[in-house]
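Visitor: Given next are the chains, with one letter for each unit.
Protein chains: 2
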Amino acid sequence: MHDYLEQSFSVKFEYRVHFTSGLFDTTNTLLEDFFKERQIEGMQQKILFVLDEGVAQSHPGLVDKINAYFDHFKTVKLAENIVLVPGGEKVKNHSYYNEFLINTVNDFGIDRHSYLAAIGGGSVLDMAGLSAAVAHRGVKHIRIPTTVLSQNDSGVGVKNGVNFKNKKNFMGTFAPPVAVFNDDQFLTTLTDRDWRSGMSEAVKVALIKDAEFFNWLELHAFDLSKRDLPTMNYLIKRCAELHLQHIRSGDPFETGSARPLDFGHWSAHKLEQLTNFEVMHGEAVAMGIALDSVYSGLKGDISADEVRRIINLLINLGFDITHPMMEVHEENSPLLLGLDEFREHLGGRLTITLLTAIGKGKEVNEMDWHLVKKASEQLKALNLEKA
Amino acid sequence: MHDYLEQSFSVKFEYRVHFTSGLFDTTNTLLEDFFKERQIEGMQQKILFVLDEGVAQSHPGLVDKINAYFDHFKTVKLAENIVLVPGGEKVKNHSYYNEFLINTVNDFGIDRHSYLAAIGGGSVLDMAGLSAAVAHRGVKHIRIPTTVLSQNDSGVGVKNGVNFKNKKNFMGTFAPPVAVFNDDQFLTTLTDRDWRSGMSEAVKVALIKDAEFFNWLELHAFDLSKRDLPTMNYLIKRCAELHLQHIRSGDPFETGSARPLDFGHWSAHKLEQLTNFEVMHGEAVAMGIALDSVYSGLKGDISADEVRRIINLLINLGFDITHPMMEVHEENSPLLLGLDEFREHLGGRLTITLLTAIGKGKEVNEMDWHLVKKASEQLKALNLEKA
Numbered sequence: 001m002h003d004y005l006e007q008s009f010s011v012k013f014e015y016r017v018h019f020t021s022g023l024f025d026t027t028n029t030l031l032e033d034f035f036k037e038r039q040i041e042g043m044q045q046k047i048l049f050v051l052d053e054g055v056a057q058s059h060p061g062l063v064d065k066i067n068a069y070f071d072h073f074k075t076v077k078l079a080e081n082i083v084l085v086p087g088g089e090k091v092k093n094h095s096y097y098n099e100f101l102i103n104t105v106n107d108f109g110i111d112r113h114s115y116l117a118a119i120g121g122g123s124v125l126d127m128a129g130l131s132a133a134v135a136h137r138g139v140k141h142i143r144i145p146t147t148v149l150s151q152n153d154s155g156v157g158v159k160n161g162v163n164f165k166n167k168k169n170f171m172g173t174f175a176p177p178v179a180v181f182n183d184d185q186f187l188t189t190l191t192d193r194d195w196r197s198g199m200s201e202a203v204k205v206a207l208i209k210d211a212e213f214f215n216w217l218e219l220h221a222f223d224l225s226k227r228d229l230p231t232m233n234y235l236i237k238r239c240a241e242l243h244l245q246h247i248r249s250g251d252p253f254e255t256g257s258a259r260p261l262d263f264g265h266w267s268a269h270k271l272e273q274l275t276n277f278e279v280m281h282g283e284a285v286a287m288g289i290a291l292d293s294v295y296s297g298l299k300g301d302i303s304a305d306e307v308r309r310i311i312n313l314l315i316n317l318g319f320d321i322t323h324p325m326m327e328v329h330e331e332n333s334p335l336l337l338g339l340d341e342f343r344e345h346l347g348g349r350l351t352i353t354l355l356t357a358i359g360k361g362k363e364v365n366e367m368d369w370h371l372v373k374k375a376s377e378q379l380k381a382l383n384l385e386k387a
Numbered sequence: 001m002h003d004y005l006e007q008s009f010s011v012k013f014e015y016r017v018h019f020t021s022g023l024f025d026t027t028n029t030l031l032e033d034f035f036k037e038r039q040i041e042g043m044q045q046k047i048l049f050v051l052d053e054g055v056a057q058s059h060p061g062l063v064d065k066i067n068a069y070f071d072h073f074k075t076v077k078l079a080e081n082i083v084l085v086p087g088g089e090k091v092k093n094h095s096y097y098n099e100f101l102i103n104t105v106n107d108f109g110i111d112r113h114s115y116l117a118a119i120g121g122g123s124v125l126d127m128a129g130l131s132a133a134v135a136h137r138g139v140k141h142i143r144i145p146t147t148v149l150s151q152n153d154s155g156v157g158v159k160n161g162v163n164f165k166n167k168k169n170f171m172g173t174f175a176p177p178v179a180v181f182n183d184d185q186f187l188t189t190l191t192d193r194d195w196r197s198g199m200s201e202a203v204k205v206a207l208i209k210d211a212e213f214f215n216w217l218e219l220h221a222f223d224l225s226k227r228d229l230p231t232m233n234y235l236i237k238r239c240a241e242l243h244l245q246h247i248r249s250g251d252p253f254e255t256g257s258a259r260p261l262d263f264g265h266w267s268a269h270k271l272e273q274l275t276n277f278e279v280m281h282g283e284a285v286a287m288g289i290a291l292d293s294v295y296s297g298l299k300g301d302i303s304a305d306e307v308r309r310i311i312n313l314l315i316n317l318g319f320d321i322t323h324p325m326m327e328v329h330e331e332n333s334p335l336l337l338g339l340d341e342f343r344e345h346l347g348g349r350l351t352i353t354l355l356t357a358i359g360k361g362k363e364v365n366e367m368d369w370h371l372v373k374k375a376s377e378q379l380k381a382l383n384l385e386k387a
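Going down the list, the sequences are from chains A and B.
Going by full-length UniProt numbering, the residue at position 128 of the first sequence is 128; the numbering climbs one at a time, nothing skipped.
Going by full-length UniProt numbering, the residue at position 336 of the second sequence is 336; the numbering climbs one at a time, nothing skipped.
Hint data in this document are derived by calculation from the structure and do not stem from the laboratory.
Mixed in with the good hints, there may be bad ones.
Same chains, same names: a pair is fine if it fits in one copy or spans any two.
What the hints assert, rightly or not - The list that follows gives simulated cross-link-like pairs (lysine-lysine, DSSO-like), each with its CA atoms no further than 30 angstroms apart: (1) Lys226 x Lys209; (2) Lys380 x Lys140; (3) Lys77 x Lys165; (4) Lys299 x Lys159; (5) Lys140 x Lys237; (6) Lys168 x Lys12; (7) Lys36 x Lys362; (8) Lys90 x Lys74; (9) Lys362 x Lys140; (10) Lys77 x Lys168.
Produce the entire structure from the sequences given, and follow the hints as far as they go.
Guide: Structure follows, in structure tokens:
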């Protein structure tokens, strides 16, 4: 007796990524309009905010502004407390924050029709997204990313996560938000490092998907490095758009093995770890892009001129193109362990994205360490030339 | 400047609910065939088992059998340890078990292409399902339910969860398994209470969806109460089928408010709590069905004859139809608090399913407590008559 029933269904996910300026000004009705559209008769929907401490420090009036906003517009009821959490990996490394937030969802009676909104960089959004995904099997999650990186990449996607025993994002889910609000006022107070490092994901996505966007980046590198806000707004919007397209046209919840968006990331993840996260993610990704671009050139997949354009763009945006820990001298150089760890992360089969042109990626299943060595040496030489 | 990008995509979920006998006999290739079909070139997929202690006690040879099975068929590699956890609410009340399981997933290197299989009653499946859903943002989860209730209802669905501060299923996700294997050999060692109590969900789903299945239940009540296994297999399969249909034709991840499958549950949940879970879920659901059926009769929505058939079926299956804590004497009788809690659980608006016929439910947004009182009195009288 072998008999079975077949289950099959699809679940549709929809959300908008909004671009605005001064989200909590009472003259700005974008957020209130969003709540009004989703109002449910006979229910008092609530909202709980979790806020990145660094953002609160850079925007001292923000908490008062949020309170004033929900005093003015009463469609959704603001939970009495705004939860402050540290930004960066710290908030993902300690389960305390996640548990505290779930507790707070319980204390304030945030139900499945109510909202948990997170304001901050990628780490705060990742942690809060997981809390929102598991409390009541999912409360409505709103993301308000405050960095270039989170506004153009991580904050607009469908993943959340926290670290576990030093393993990045070991615990998490795929759980689309109900909306993302990108407010460019948050960008004005970023440090130069934060401003810059968010741009490497734009270079990455241009390289593997959009030659025209790469040309645009070359033309506007100077304005971007000089912190021109309208130019940055365009970069963020185009990068977010390519990211959203990738999610919907591929495998949104990543049931397969391909990871094209991880171009340049195998070495970047390792470098972050080797430098104890002193090199920021975006900075490491810029170096990882440089390495795999030179490697693609050495393989003969892209031309020397294309390699030169890529390296020049990274330099013009203000990035370092290499780092002592990016150097490969022998088969067991520390950086190369990144390949093994990436293979393990993918479940045993290595898939690396390389370039066949500016704007076009391809997948390979192995890397030749001699060529990685050569690429790292060329980058070191170029770096000395630059200095 | 108010501009936005629109994201929209669908994710397809597919799995089979298999019915078999002796899943881990090496002569039974069902499980091995499943793994073979999903084998990925170049990857050694693994499997970690978590096992309900009660099941291990009732089936002393099970652990050896599982080891022998994976010694014989080597497509998937068995993790060295089988994790034993207690059954029942205990495993959902203490976050320890969930954390331990996630730790074990890490220790044994279970990746996104590997399996976490759970063998046990609904509670063990609920806890393990959550661990599987969040580790690596989801490892492949296989459910092997061992009770009538989990084989026909909770184990074949898409929810998981653990309790938090006394709130049932406060933490969880919607995460379909990759497969469910119902093995009828596990049913043979159930206590009479466990055997019986799983049948109330079948009565429930028949009442709101399938008059023909209700007729079948009436005809076979005697065989079911006498533990005839083939008859129980049919009950489980038909109930699971109606449950699967409901999920795929409705709102699989429950973004709305309707909860038709919660017929009879508002009072059942409260009764479980009032009796400190001495009354089992299935037993409480039988009493909840009795109460809301008599209530539907008093409202004039179903006939006195239909009410009689429902009560008789419950009695013939061996259920108690009421309990001292199910009695309602006044507006603030403890049971009626169940309505408020159910309203809160739904997010502020009460939605209760009642009957308009055997096989047909309808939704109402309020209950008249005078009629609930009258219904509880009638059930008490019927119960005395029966005794």
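Visitor: A separate judgement is required for each hint: does it hold in the structure or not?
Guide: Results for each hint:
{"no.": "1", "hint": "Lys226 x Lys209", "verdict": "within (26 angstroms within a copy, 66 angstroms between copies)"}
{"no.": "2", "hint": "Lys380 x Lys140", "verdict": "neither (48 angstroms within a copy, 43 angstroms between copies)"}
{"no.": "3", "hint": "Lys77 x Lys165", "verdict": "between (37 angstroms within a copy, 24 angstroms between copies)"}
{"no.": "4", "hint": "Lys299 x Lys159", "verdict": "neither (33 angstroms within a copy, 48 angstroms between copies)"}
{"no.": "5", "hint": "Lys140 x Lys237", "verdict": "within (24 angstroms within a copy, 35 angstroms between copies)"}
{"no.": "6", "hint": "Lys168 x Lys12", "verdict": "both (28 angstroms within a copy, 27 angstroms between copies)"}
{"no.": "7", "hint": "Lys36 x Lys362", "verdict": "between (45 angstroms within a copy, 29 angstroms between copies)"}
{"no.": "8", "hint": "Lys90 x Lys74", "verdict": "neither (34 angstroms within a copy, 42 angstroms between copies)"}
{"no.": "9", "hint": "Lys362 x Lys140", "verdict": "between (37 angstroms within a copy, 28 angstroms between copies)"}
{"no.": "10", "hint": "Lys77 x Lys168", "verdict": "between (35 angstroms within a copy, 25 angstroms between copies)"}
Going through the hint list in order, the structure does not satisfy hints 2, 4 and 8.
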